[in-house]
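> Sequence:
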Amino acid sequence: MLGVLAALWLVVMALAWSLGTAIVAPTVLGGLLVAGSAACARSLGPALATRHLTSAALMAMVGLLVLTTADTPWQIDTHMVFFAALAIVAGWGCWSSILVAAAVVAVHHLALNVAYPAAVFPNGADYLRVLLHAVVVIAEAGALVLAARQLSRALDAADAATLQASESAAAQSRFEQAALREHALQASQGRQLGDLVAGFRATLSDIGRQVERETSGMRNTAVALSDVAARSSEQAS
Numbered sequence: 001m002l003g004v005l006a007a008l009w010l011v012v013m014a015l016a017w018s019l020g021t022a023i024v025a026p027t028v029l030g031g032l033l034v035a036g037s038a039a040c041a042r043s044l045g046p047a048l049a050t051r052h053l054t055s056a057a058l059m060a061m062v063g064l065l066v067l068t069t070a071d072t073p074w075q076i077d078t079h080m081v082f083f084a085a086l087a088i089v090a091g092w093g094c095w096s097s098i099l100v101a102a103a104v105v106a107v108h109h110l111a112l113n114v115a116y117p118a119a120v121f122p123n124g125a126d127y128l129r130v131l132l133h134a135v136v137v138i139a140e141a142g143a144l145v146l147a148a149r150q151l152s153r154a155l156d157a158a159d160a161a162t163l164q165a166s167e168s169a170a171a172q173s174r175f176e177q178a179a180l181r182e183h184a185l186q187a188s189q190g191r192q193l194g195d196l197v198a199g200f201r202a203t204l205s206d207i208g209r210q211v212e213r214e215t216s217g218m219r220n221t222a223v224a225l226s227d228v229a230a231r232s233s234e235q236a237s
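Mind the numbering: the sequence shown is residues 1 to 237 in my numbering, read in order.
Hints in this document: simulated from the structure, not taken from any laboratory. Ideal placement from N, C-alpha and C gives every residue a C-beta, glycine not left out. Accuracy of the hints is not assured; some may be wrong.
Here are the simulated distance ranges between beta carbons [claimed, not checked]:
no.: 1; residue 1: A118; residue 2: A139; range: 25 to 35 Å
no.: 2; residue 1: Q177; residue 2: R153; range: 32 to 42 Å
no.: 3; residue 1: D156; residue 2: A187; range: 38 to 48 Å
no.: 4; residue 1: R191; residue 2: S152; range: 50 to 60 Å
no.: 5; residue 1: L185; residue 2: S205; range: 25 to 35 Å
no.: 6; residue 1: Q150; residue 2: A14; range: 29 to 39 Å
no.: 7; residue 1: A14; residue 2: L146; range: 32 to 42 Å
no.: 8; residue 1: A35; residue 2: D159; range: 29 to 39 Å
Given the sequences, and given the hints that come with them, work out the whole structure.
So this is what it looks like as structure tokens:
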């Protein structure tokens, strides 16, 4: 929007210079419009105040364009720039900005048609022409407001869908992380159980070997006792 506003300001100055009309007033007023809009955009960003101010400034800049072409055959043709500028304002996707721009056009036409008719129309005050322009502006503004509201709803729906997709992705990530932790826990428990079973088997094996050694010792002791008893019996006889 600021680029369009600045470009139109340059057109106004170039046109005033080429037509030989007053150049100081359009240059100063146009510069104030551009500077004010730029300062607002720099401090607030694309806030509602910025959208409203730049929309109003664009329409005022078109008014300067119409003023610059006063007393020339081009003045009535430059009114078409109002309609083009109104469509550019719709690029904000903000229905209230469109209404602000349309209101500026209405005030411009009505006020100057009374106070300074030559700044609006080549043949002086013309209320029927003001009415015609008002009807066209209202029709265009109505269509643009409807389009802006539909665009706003579509953008809101897209934002909601994006948020839902992000939340779903986050939930899926949490689920996968929980599954990985569960798998790691089960693997750890499996290893611990395996170690426990292996330790139990090793203990049983040690016990078996110890029992075998003790049994062998008892067997040897029994054999020795049997030999002693046999020798004692032989000596007694």
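> All hints, please: hold or fail.
Results of checking the hints against the structure:
no. : hint                    : in the structure
1   : A118 / A139: 25 to 35 Å : holds (27 Å)
2   : Q177 / R153: 32 to 42 Å : holds (36 Å)
3   : D156 / A187: 38 to 48 Å : holds (46 Å)
4   : R191 / S152: 50 to 60 Å : holds (58 Å)
5   : L185 / S205: 25 to 35 Å : holds (30 Å)
6   : Q150 / A14: 29 to 39 Å  : holds (38 Å)
7   : A14 / L146: 32 to 42 Å  : holds (36 Å)
8   : A35 / D159: 29 to 39 Å  : holds (33 Å)
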